[in-house]
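Novice: Let chain A serve as the given structure and place chain B on it in line with the hints.
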Amino acid sequence: MTQKGTKNNLPPKWPDRILEFFCSSTLVEEMQGDLLELYEKWTCRYGIRKAKFLYILHAIRFLRPYAFKKISIKHNSGIMIMNYVTFVFRRLLRSKTISAINICGLVLGLASALIIYLWVEDERRVDNFHSKGDRLYRVYMRQHFGDQTSAGYNSPALLPETLKNDFPEIEYASGYAKVLRLSQQGDTYESFQLDDKVYKMRGSRAGEDFFNMFSYPLLAGTAANALNDPNGIAISRKMANLFFGDVERAFGSTLKFGSENISRDVAVTAVFEDLPSTASDQFDYLVNWDYWVEHDDFKKSWGHFGTYTYVQLKDGSDPALLEKKLVGYLDERLNIKKESNVKIELGLQHFGDQYLYGNFENGRPTGGRITYVNSMAIAALVILIIACINFMNLSAATSLKRAREVGVRKVAGASRGNLILQFMGETFILAAFSIVVALITVYLILPAFNQLTEKQIILPWRELKFIGNVVLTLTIVGIVAGSYPALLLSAFKPARALKGKVIFSSRTTGFGKGMVVFQFALSILLIILTMVVGFQTSYIKNKDIGYNRENVIYLRLEGALIKNYKAFKREAMRLPGVAYVDRSSQTPHTMGLNGPFVDWEGKHPDQSVNFIPTSVGYDYVKLLGLKIIEGRDYSDEFPADTTGFIVSESGIREMGLKDPLGATITVFNKKGPIIGIVNDFNGQSLHHSLTPIVIDFKESLNFGTILVRTKPGQTEEGINSLRKAYSTYNPGYAFTYSFLDDAFQRLYQSEQIISKLSSVFGSLSIFISCLGLFGLAVYAAEQRTREMGIRKVLGATTAQIFLLFSRGFVKLIVVSILIAVPLAWLAANAWLQRFAYRIDLAWWIFALASALALLLALLTIGSTAVKAGVRNPVDTLRTE
Amino acid sequence: MRKTQLGEFEEIVLLIVATLGDNAYGVSIKEAIELQTGRDLSISAIHATLHRLQKKGYVKSFMGGASAERGGRRKRFFSITPLGTRALHAIRELREQLWNQVPHNVVNPKTT
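First to last, the sequence lines map onto chains A and B. Read left to right, the first sequence gives residues 1 to 880 (this note's numbering). Read left to right, the second sequence gives residues 1 to 112 (this note's numbering).
Treat the hints as calculated values from the structure; they're not laboratory data. Take these hints with a grain of salt, some might be off.
What the hints assert, rightly or not - Chain A side only, calculated, beta carbon under 7 Å to chain B, not exhaustive:
#1 Glu29
#2 Gln32
#3 Leu36
#4 His58
#5 Phe68
#6 Tyr443
Since the structure is predicted, the reported quantities are computational estimates derived from the model, not experimental observations. Here a beta-carbon is modelled for each residue, glycine too, at the ideal position from N, C-alpha and C.
This is chain A alone, in the form it adopts within the complex:
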């Protein structure tokens, strides 16, 4: 943070570069010196923002003739080039509308393509910045059960160390806990205390080798000793500043660390630089792995699949070979017999691939987020192509006016090659101008874009790769957009061109029409996909998931609360604004633990039903607003209830119980009757299909999440009174809570971002297409001026001419719709397969998008068509 701060205090670098480029080298030094001196004074007087502005302003004012470098001119080619540039700008000014459309389209296209490119690059950088990244692997586990295969990253906590001991190819190995307890999916915040400062920080546990493997720079301490002390802790710069003020004071000092159930002192053994936003595992502290594993019997067993394993191979080892050796590694340790129908295998995935390729298919990592990244990259390309096509169409459209120029040049002896070079050069000048404007645009909208996508992208001005790509884009855009008009114009026959009788052949206009169809087809495709993504996202956000997630907050059951939970609950239920308080072992929206945990009488040996188990107290059903369909809720009037279960409807159905109420089932060694049946509710995001839920009564089981329902409209009051109660019951732990509905929305974060992005770029693409259509309409109107004039003389009405004129364009749009709709259907359908709950691809989505495109197209050509219709034939026919 501080580094960034000082960097921000400096004036921008680019005005300096401009001065160096343009001004004579004997003058630059004093100019820059004076500017810097003034800049410091301005900063004191006006603040940094104004000082920067003044700096740029004054730097630019230095660009006066006397200061310019003296260019020695060998040929007068310089003057010739200047002549071309002057020519280009004169021509631009002559037809302002068309020029504005042309440049505007190109700038928008380039800017969107650039910004998407930056986003894609940022996505690709995630987890790919470690210096030894090519040797870092993540272990995943594949399970075969009968003919079913599933896979995931969770592995036993003991695995890293034994792997390192058993395989010489492995140089380092470290565990990492993405989830501290199954009941707190994704919530890895823990409390820290120093004197009166109590904060919750996000962090985890990791093995001793961790900092040897991953290149997170250490500001204090060594990679070898950062995590080998059971009572040590490695903290980030941010956390060091928060608690101790600076890094030096933090190193070696002690903090009170309130982990799950005990509070203990830990000493700072290392301080690391704050993680870049491109690290997918985010943490502000790490503590010793072995200490954590040793203090939990479950984690010491091989059956605990709850942590991640990272390994670093020795230089030159073959990961494929190691993977082969690893396949059956767990058999012995898990006592899996050869003839069993369960098989558990280990595999290796490149660490850098985990973010983009995190989905498994047939037990191997295949795709994942990369689908989004690729689709955005394709969208960028499409927008760029649309912009190029525009440019081609518009240049061709205006080229008629230049027929005479071409004629004169040809007569004066210009060869076709010369003309091609000239027109290509003109396109390049325009493209270069547009790309500069596009870069400035990108620079200006990046902050907003970062907010939208929750990233920290900056424009990498100085990165060679970026500059190279910009130049490459410029070259490609220049060649693609410039070739068509160049070839078209240079082919004019001088004699006819000079007479002004150039009419394009039907083939040339056909090409233009083809391009319009292509553009609109792509735009309609993008619009349909945008709509589908938008509808699907709002559908899953608003779908009734079976419980009431409003006005519910949740906090973690930890520290002294574990002992005092009952007293805390009793007190909290009485607080103003609080309706219900209860605990559950899994948080309602992310019930990650599921499996065939339920046994019942009459179960067929081959039958396997996955259940999500959650253990709760007396008020859970009331708190979540679940509906009891049969039987009853837990009640303290019936002491026998403590052994009973409540099962969701689909669970009863899948078990196939005829007479469910009172039937005995066994869950995790606990045997008891079903006392109630509740409506189905989704324990996970709607990417997953509905899993039956079995609710178990364990009021005194002391881990999990405390759920609180506040009274409607009294949320703030409820939270404030809870905060007070919390501080007396759980000193040393920070009171942090989340809203259940917020947390639920965040499950669809990537869909929401994609939805926003696609709507922005979808509208941009249709806008650019419309610009192109407008240009073409203007051109067509000009071509057909005389025809329309004659028609009017012969008695055609304005309306008829309008219709005649628009008909041709409407035909083009209809053809584009016919091309786009089936493609869009295929793409949308493929995307929707990701969700267990999805909208129907109704015909009206396609109809709406098509109608929208048609309407926009009509509006675009409308004014030109009307103009063509109302023109007085006296004017249009006068030249005959």
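Specialist: Frame of chain A; chain B shown alone:
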């Protein structure tokens, strides 16, 4: 008249260069003028004028030593040349000559 082509702004800059002595460089000149005249100036205007004055031979310049203060960049110090001094004198003489010719009651109407 032809000998001493000196615009009003050039004259001020030249006078300030003479006033500042050893410490006449871009920023100090800019600030001195701003202080004396109350005008808001752009640094590039000062540079351009100094450049012009040097071309006319009224000032000469040399590069000073580097300091850490300005990002390690040296200052260009200016000093007035004898030709510059003569030009200032000439312009002042001309002014006084003209002032002396203006009737007293025209320039000081209130006192009469």
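Novice: With reference to the structure, classify each hint as holding or not holding.
Specialist: So, going through the hints one by one against the coordinates:
Interface hint at glutamate 29 of chain A: satisfied, since its Cβ lies 5 Å from the closest Cβ of chain B, which is below the 7 Å cut-off. Given hint, glutamine 32 of chain A at the interface with chain B, holds; its Cβ is 5 Å from that chain's nearest Cβ, closer than 7 Å. Because the closest C-beta pair between leucine 36 of chain A and chain B is about 5 Å apart, less than 7 Å, the hint holds. A hinted interface residue such as histidine 58 of chain A counts as satisfied when its beta carbon comes closer than 7 Å to some beta carbon of chain B; here the least separation is about 5 Å, so the hint holds.
Contact between phenylalanine 68 of chain A and chain B, as hinted, is not supported at the beta carbon level, the nearest pair being about 12 Å apart and thus beyond 7 Å. Using the Cβ-Cβ criterion of 7 Å, the hint placing tyrosine 443 of chain A at the interface with chain B is not satisfied: the shortest such distance is roughly 24 Å.
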